[in-house]
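Fit chain B to the known structure of chain A by using the hints.
Okay, here's what each chain looks like letter by letter:
There are 2 protein chains.
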Amino acid sequence: MTRIRLALAQIDTVVGDLAGNVERISRRLDEIADCDLALFPEMAVTGYPLEDLVHKPGFVADSRAAVAEVAAMSGSCALVVGFADPGPGGVVHNAVAVCHGGRIVGTYHKECLPTYDVFDEGRDYEPGSGPLQLFRVGGVRVGVVICEDLWVAGGPVGRLLDGGAEMIVAVNGSPYHQGKQAARESMVTATAAASGRPVAYLNLVGGQDQLVFDGGSMVADPAGMVVGRAPRFREAVVILDVDVPAVRSGDGDLPVVEVSGIVERGDHLVAHVVEPLEEVAELYEALVIATRDYVRKSGFSDICLGLSGGVDSALVATIAADALGPEHVHAVLMPSRYSSDHSIADALALASAQGLDAITMPIEDVHLAFAGTLATTPEGGPVGLTDENLQSRIRGVLLMARANANGWMVLTTGNKSESAVGYTTLYGDTVGAFSVIRDVYKTRVYELCRWRNTGQLGSDGRPVIPEEILSKPPSAELRPDQRDDQSLPSYDVLDPLLEAYVEGNRTRTELVEDGHDPDLVDRVVRLVDAAEFKRRQTPLGPKVTIRGFGRDRRVPIVNHYRG
Amino acid sequence: MTRIRLALAQIDTVVGDLAGNVERISRRLDEIADCDLALFPEMAVTGYPLEDLVHKPGFVADSRAAVAEVAAMSGSCALVVGFADPGPGGVVHNAVAVCHGGRIVGTYHKECLPTYDVFDEGRDYEPGSGPLQLFRVGGVRVGVVICEDLWVAGGPVGRLLDGGAEMIVAVNGSPYHQGKQAARESMVTATAAASGRPVAYLNLVGGQDQLVFDGGSMVADPAGMVVGRAPRFREAVVILDVDVPAVRSGDGDLPVVEVSGIVERGDHLVAHVVEPLEEVAELYEALVIATRDYVRKSGFSDICLGLSGGVDSALVATIAADALGPEHVHAVLMPSRYSSDHSIADALALASAQGLDAITMPIEDVHLAFAGTLATTPEGGPVGLTDENLQSRIRGVLLMARANANGWMVLTTGNKSESAVGYTTLYGDTVGAFSVIRDVYKTRVYELCRWRNTGQLGSDGRPVIPEEILSKPPSAELRPDQRDDQSLPSYDVLDPLLEAYVEGNRTRTELVEDGHDPDLVDRVVRLVDAAEFKRRQTPLGPKVTIRGFGRDRRVPIVNHYRG
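In order, the protein sequences belong to chains A and B. Per this note's numbering, residue 1 is the first one in the first sequence, and the count goes up by one each step. Per this note's numbering, residue 1 is the first one in the second sequence, and the count goes up by one each step.
None of the hints are false.
According to the in silico footprint, chain B covers these stretches of chain A (three or more CB under 8 angstroms from chain B): (1) 16 to 26; (2) 111 to 123; (3) 287 to 299; (4) 353 to 367; (5) 531 to 540.
Far from chain B by the CB rule (all over 10 angstroms, computed), these chain A residues: (6) 64; (7) 75; (8) 161.
Since the hints were derived computationally from the structure, they do not count as laboratory data. Note that the coordinates shown come from a computational prediction; the quantities given were computed from them, not determined experimentally. By construction, the Cβ of each residue, glycine as well, lies at the ideal position given by its N, Cα and C atoms.
Same shape as in the complex, but just chain A (with noise of 0.2 angstroms):
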């Protein structure tokens, strides 16, 4: 049995920040100074996904050169840094160095490429194919792999085992999304009980365009138990002494890069094991994570948003709050002939009692504007769906002129379950650069809003989502008495149909088998295939499902298929 100190250092790269990542790195060196191994996030010197930006052979060898500035700032403790190595031919691998005493002494290169989902991986590297190694770090033989190689069956991982392994470390860039960290939980104990030998977790954090990375990196002893969980969703470097049973080496063994041997330590650190989230605060957290790395790196101090006094617009600007500090969400109330006074006030309370600037601009004027305008045409002035249309747009043109003006970024306040039958309005009230609850269902817009209602209060003492959202019927308001029943069913029937639909890819032929009303499949599943374009052209929002409607669901936008 040898004791060895690892470090999980969950850290928050920015893609294409090398000279900042490497600073992040090394911000982290003294922390971790008295370790014997530090891991460090899939692409640590790069961030994490790079997409195209992998096929521009310059930036790959700037990729180079930084984690060689890393290696020379690495002592007695080894390091784990992923990077992107050019290799001959102009290939790249996503790979990570192992650094140790001022130098690279050894790479590792990923194997099992994810080419589905949101991961492109086959498209961007080359798998790893040359043999692989060990390395002697505090005296222990540790296997490394990166992310993926610890899924596959037949993958890396086996075979670092049967050549002499007494630990695996897996390096990850794994997003979020509800009810992925148990998955992975099982896999990192499932691995280490079958083998009877510790594994390492380490995951990145922080928000990437669509992805939210969660952290929760871990450590299961050789029993598959978990003996160190860091926290999710931010960063963090936990420090814990794991002991590592001794394996006989054999003929059939790996070559072992020797790093570093046993230090005797007079203590014995033990991991704090960090409680698992439930469900709804862990997406909450995602929410707030996504929107505030989104719109900080994107280099934005405040956002503003349209806050109609329904039930989307108010989480958005609740989670906003929460990412960005009240002080930095402006709301703008934007009242049509349609609009009823108590949207105003919801929507005026929910300001007050989060503290939030919020102003009131009736469209009135603009909206005879247009109409005088319209008129003049063959086909008259706006009526119908037309005329729905045009106030939304007409609030978007508004929110983008006071987004312009002041340097502010526009948040998006759609749902997923208007996204995918389309009862949007492109241009409209899909106009911004970050679609927040873009992957969330209405039902669970509510589950989130009575979650937070539970949490801090407002500065009036009372919940910060005025009870009155919650509790009325949804309605666009665009037209006189127009409420969401009139045109969809319930969201409660909506929702399971839709996830069927789109998380599930079921056919139209399969849902009704299912027992949804035929009727209903047929329409709605039109309303889904009819809106493709619609989602093509509204902004990005964070992942929080096994499928979004981003990256993750690639669909034509001609497409025929009425199965």
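Frame of chain A, contents of chain B only:
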């Protein structure tokens, strides 16, 4: 030497339209009845590319049923028909069936799956790994491959040839970009000449979302000479007799599926060899076909667009009139207080020359109403860039209102140069469902206009695009006396720099080394990167270069790389 009669059935399929595609194939069966072998495009029964439709097991099962329908209709002419073939464990193959005498006599699964550029086949399909076989058709041992298979050294073509194939046929869904047809022809003729065996190349035709399949199917004889070439950009069935030298069979030969024997015919059909198009004509055709197919396959007949009097909207209007007929093109002139008289006159002259529907709707009243409403904000009324964007967005709202009221599709008129540097207004001049010239640099826009003006004249006997539009300096006319060259270098300088950065994947450092002005490089690179969030929200348009702003260029929005 055996002579077989071959049909190149270059048809236009529709993605997801299984019944329609079966019907499109069946309509050709009389025409090809006297042939030995007829080739239909890659994924003929499903349309191509399927993207994530392939992840619906119900759809893949329907695809299998559709190819069985085609097989049931097959007679003495063997048909090569593409489809999505379900395999064990939920995998799917990009497949062709060889159909003959009412049944499927064999299938082939594509081995080489392109996972680069616009292609995601590594995401969508399982590569074929079954044993290869040959099909004896008309007495000839034919080796069948699919698209990428032909291009990969170490792919199946070499094994088919080594295994006794007397002829290679490749069915393709190969999208157009400038210069691609010459590359295809080189590959086909080189394969034929090197092997001494004829090679038949069948390509899909028609637009699908961002892609334009350009046909240009061909046959090369064993000397590497093209003996038949189908037209580009339109459906055609080319029938020709191909003389196939016998290859002595040997021990290492692949198994042969017996399909049909030699048919003695009295005549000898020689195919027309269609002349290659010149580059600018090819590009114009591609844009016309892409527009026609996107509009019609989306269920629309008419389009509208903003006609500013500038060159971009002039070109798009002309392409739309050529694609759909001038009576289906509705031009909207939306002058502001900054619009020049000559712009309005030029736009009206173009509409008149081409017989377009055109109306004029000044935006002044709406502009004033917005200014009044925005004057109530703390930041005051709109000035500077906010006011420029406002005017553009007013036009966007007016266009969308007309489109909504009349059931038209809006076409977007921006070019690649301005899309690259972000000299566009999101939700303003970017509105629309199809962005016809988003992959065409401004310098190329002028070339296309001049080329089109040498063709069919307008109804008034003058060029379809008035010379004034081509000779005046470009301006957005969003403030007094604005000209593009006040904020951008001339397009002769800008476009090559953009091409090196976007298509060439050069870094800032490399561009300076290449001799571009360092300050200009810094500015342009920054503009291109910062505009990524805008481009993600703009409508798709036809890819016509090696790297457009679509599925072929996937870069992060949050991206701090400045190298």
